[in-house]
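**Q** Listed below are the residues making up each chain.
Number of protein chains: 2
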Amino acid sequence: MDMPTKTDITKLRVNGQRLWDSLMELAQIGATEKGGVCRLTLTDLDKQGRDLVTRWAREAGMTVTVDKIGNVFMRRAGRSNMPPIMTGSHIDTQPTGGKFDGNYGVLAGIEVVRTLNDHGIETEAPIEVAFWTNEEGSRFVPVMMGSGVFAKAFTLEHAYAATDTEGKTVKGELARIGYIGEQEPGDHPIGAYFETHIEQGPVLEDHDKTIGVVTGVLGIRWYDCVVTGMEAHAGPTPMALRKDALQVAAKLMQEVVACAHRHPPHGRGTVGMVQVHPNSRNVIPGRVKFSIDLRNATDALCEAMDADIRAVAAKLSAESGLSIEITPVSAYPAQPFHADCIAAVQKAADTLGYSNMRAVSGAGHDAVYMARLAPAGMIFIPCKDGISHNEIEDAQPAHIEAGCNVLLQAMLERAG
Amino acid sequence: MDMPTKTDITKLRVNGQRLWDSLMELAQIGATEKGGVCRLTLTDLDKQGRDLVTRWAREAGMTVTVDKIGNVFMRRAGRSNMPPIMTGSHIDTQPTGGKFDGNYGVLAGIEVVRTLNDHGIETEAPIEVAFWTNEEGSRFVPVMMGSGVFAKAFTLEHAYAATDTEGKTVKGELARIGYIGEQEPGDHPIGAYFETHIEQGPVLEDHDKTIGVVTGVLGIRWYDCVVTGMEAHAGPTPMALRKDALQVAAKLMQEVVACAHRHPPHGRGTVGMVQVHPNSRNVIPGRVKFSIDLRNATDALCEAMDADIRAVAAKLSAESGLSIEITPVSAYPAQPFHADCIAAVQKAADTLGYSNMRAVSGAGHDAVYMARLAPAGMIFIPCKDGISHNEIEDAQPAHIEAGCNVLLQAMLERAG
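Protein sequence lines correspond, in order, to chains S and F.
316 is the number that this note's numbering gives to position 316 of the first sequence; each next residue is one higher, with no gaps.
362 is the number that this note's numbering gives to position 362 of the second sequence; each next residue is one higher, with no gaps.
Rather than coming from a laboratory, the hints here were simulated on the basis of the structure.
A hint or two may mislead.
Identical chains blur together in the list; that is why a pair holds if it fits in one copy or across any two.
Said to hold, decoys possible - Below, simulated BS3-like cross-link-like pairs (lysine-lysine); rule was C-alpha separation at most 30 Å, straight line: (1) K289 x K152; (2) K171 x K11; (3) K34 x K11; (4) K152 x K171; (5) K243 x K152; (6) K384 x K289; (7) K152 x K315.
Using the sequences plus the hints, can you model the full thing?
**A** What follows is the structure, given as structure tokens:
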């Protein structure tokens, strides 16, 4: 078969039904009663999932290699041996996970290859589809383990030593399921990396858009905050003589949200966890500990939010006379995606006529680590009510197909 | 010995050192390493305490009777057989209790009798000192059990059936320690009731006053409040699309305090207990449950605070679109004390030259139930830092003596 002309390539479309069917078939492995999937990393079910996806890859003519942390690379050769244009995600799930989180990104890559095969299209650069070990982090920490080792965010030994609640190690479980490969993680050049994913948030649905052109992943700052007052009996202590830690904490909790609003459009501020001491109905709280989660699109903005909330806390402490301690727990830098990759996704979405908008990712993805190694970008599609990490996670077949078409076009633009 | 003249009576003073020594001796029974007392109701230690106090009463020439709920009445005969002028409190303690809570009120009564004996003073009405079973409620609920049965706030059978964590009943434990009497609770007329007590709050200390002339006990309204939003991932969910239950709850928590300030001078509002769901660092809270404790000096003011907080909650719910449910948990009516008893305490404090102020009790006392049966009043003395229900609870010997002198004068005024 002759190469299609450039005009022909932009008319290429994936087989949405075939992609959907593959997603549903993979979702049978670890299927839950409520329609979700429980396929924790490095379990027997994960092995079944890995075996199925790699069988599909081989059936599509791809070669399969595995690295020492169990990342799997499924390669369709190019005309040249230049670094591959890669896509991928993960196939492990949360304990109460859905059918789409991660799995969609991997099977969209397989569908891109199947589509290229259908039309006999060769690319200059090889096309690779990867699935990364333990993205979810629900059985072993850290999260995004496979891509993190690959990007040298932490060492292979650190990852190997991680244990689950039963004391089983990552290394032992990788060996047990037969997915401990020979390849040194990261010893694998990449031309560019794209990842399709359900948004896991409500923005696209709210704006009624099919495609999110992801410009980057928000930086995250986590803190613990402790407000210390004086516990006292709620009855005999008049209002003027109280040192009520919860009342000061409540003000600061609202300032966490106000701080996010002061750093638009991507500033986010959340208090998710609260512990009140002694937590008794008729005792004025003497100590309140709560979490602060601040996010923004650049490290400079994260830094500005850090300074903002600390200044507000100092002011509240001075006004109330109560002590307020803010302790950093962890920080993840913001990761802007590569302008060329963003442009490729944007162009594909526009060319295909899909309604779209720029978006940021508030959650981490394997693409964050890949962006340290190569130009990277992401494609979001809506998920129902923005819900993910939940068995009721859902996405529309039309969106699934659209995101894969964007992936196809963006990869072809980079692969030549 | 001849009766002293009326002038002589106002010059009568108790023996402060003897009262202090008795307090310290009683505090040895169940003494804790940190200087507190753990003498839970109806334990072997409680029996030892009861035996010691009744021995002292008999040594002071008093007759001792016990009712079916174990309330103990120690009587010094009067010239007539009219209803006695009574004082009392309790000798059971919290698990980490102090030396003064309750015990002071009982031993101050004994000291009044000892002082009358020292001076050979007869009274027209009999003088009685009572200690009431299980005021603290830490082993068996309800609290203020003995005085509650006596005042027919609930039945003897209800009290008898209460069990501790080991399944032991009040009736069984009363019988075991030998304090289940013959007398029908409440079948015991009372002329007037006074109770001396440490304040258990910081007001007297803050105002540098020796005596609090207690005008009444605050009414209490307890509620559970549930704010329901929508839990969502803290990363992918932009501020504008959140239904953050904790942020709405934080506003309402501050309104609980504002509501107290809107109903001065005795309005009190406390949020002591908070549960956040799912209480995870990176999840926007979907549901927050918290307690509300509102208090004020009259039932009408408690009712006004109820209406106030419900109106504020309705407004917050309408503004935020989140559901707010406020459910009453329990309510205790306000209990103003009798004008004559308040006046007797006031006159005694003034005559004795003690610095004093009007005060309200924010916590419950046996006097609350007694006030349903007879004219009643209370005398507060300061406690260090307002701390009670704690092993470091402390009071000054000079205040202990002063409160007892006020009790003596107030009882003599009523007893004639």
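**Q** Up to 30 Å between alpha-carbons, please classify K152 paired with K315: within, between, both or neither.
**A** Result: close neither inside a copy nor across copies, 41 Å intra and 53 Å inter.
**Q** Please work out whether the CA atoms of K384 and K289 approach to 30 Å or closer within one copy, between two copies, in both situations, or in neither?
**A** Cα proximity of K384 and K289: across copies only (28 Å, versus 34 Å in one copy).
**Q** Indicate which option fits the pair K171, K11 if close means a Cα-Cα distance not exceeding 30 Å: within, between, both or neither.
**A** Classified as neither; 45 Å inside a copy, 88 Å across copies.
**Q** Given a CA cutoff of 30 Å, do K243 and K152 count as a within-copy pair, a between-copy pair, both, or neither?
**A** Answer is neither: 48 Å inside a copy and 38 Å across each miss the 30 Å cutoff.
**Q** Between K152 and K171, at a C-alpha cutoff of 30 Å, which is it: within one copy, between copies, both, or neither?
**A** within (17 Å within a copy, 70 Å between copies)
**Q** Since the copies are identical, ignore which copy is meant and state whether K34 and K11 lie within 30 Å (CA to CA) inside a copy, between copies, both or neither.
**A** Classified as neither: same-chain Cα gap 38 Å, cross-chain 83 Å, threshold 30 Å.
**Q** Taking 30 Å as the upper bound on the Cα-Cα distance, should K289 and K152 be classified as within, between, both, or neither?
**A** neither (34 Å within a copy, 43 Å between copies)
Of the numbered hints stated above, those contradicted by the structure are hints 1, 2, 3, 5, 7, listed in ascending order.
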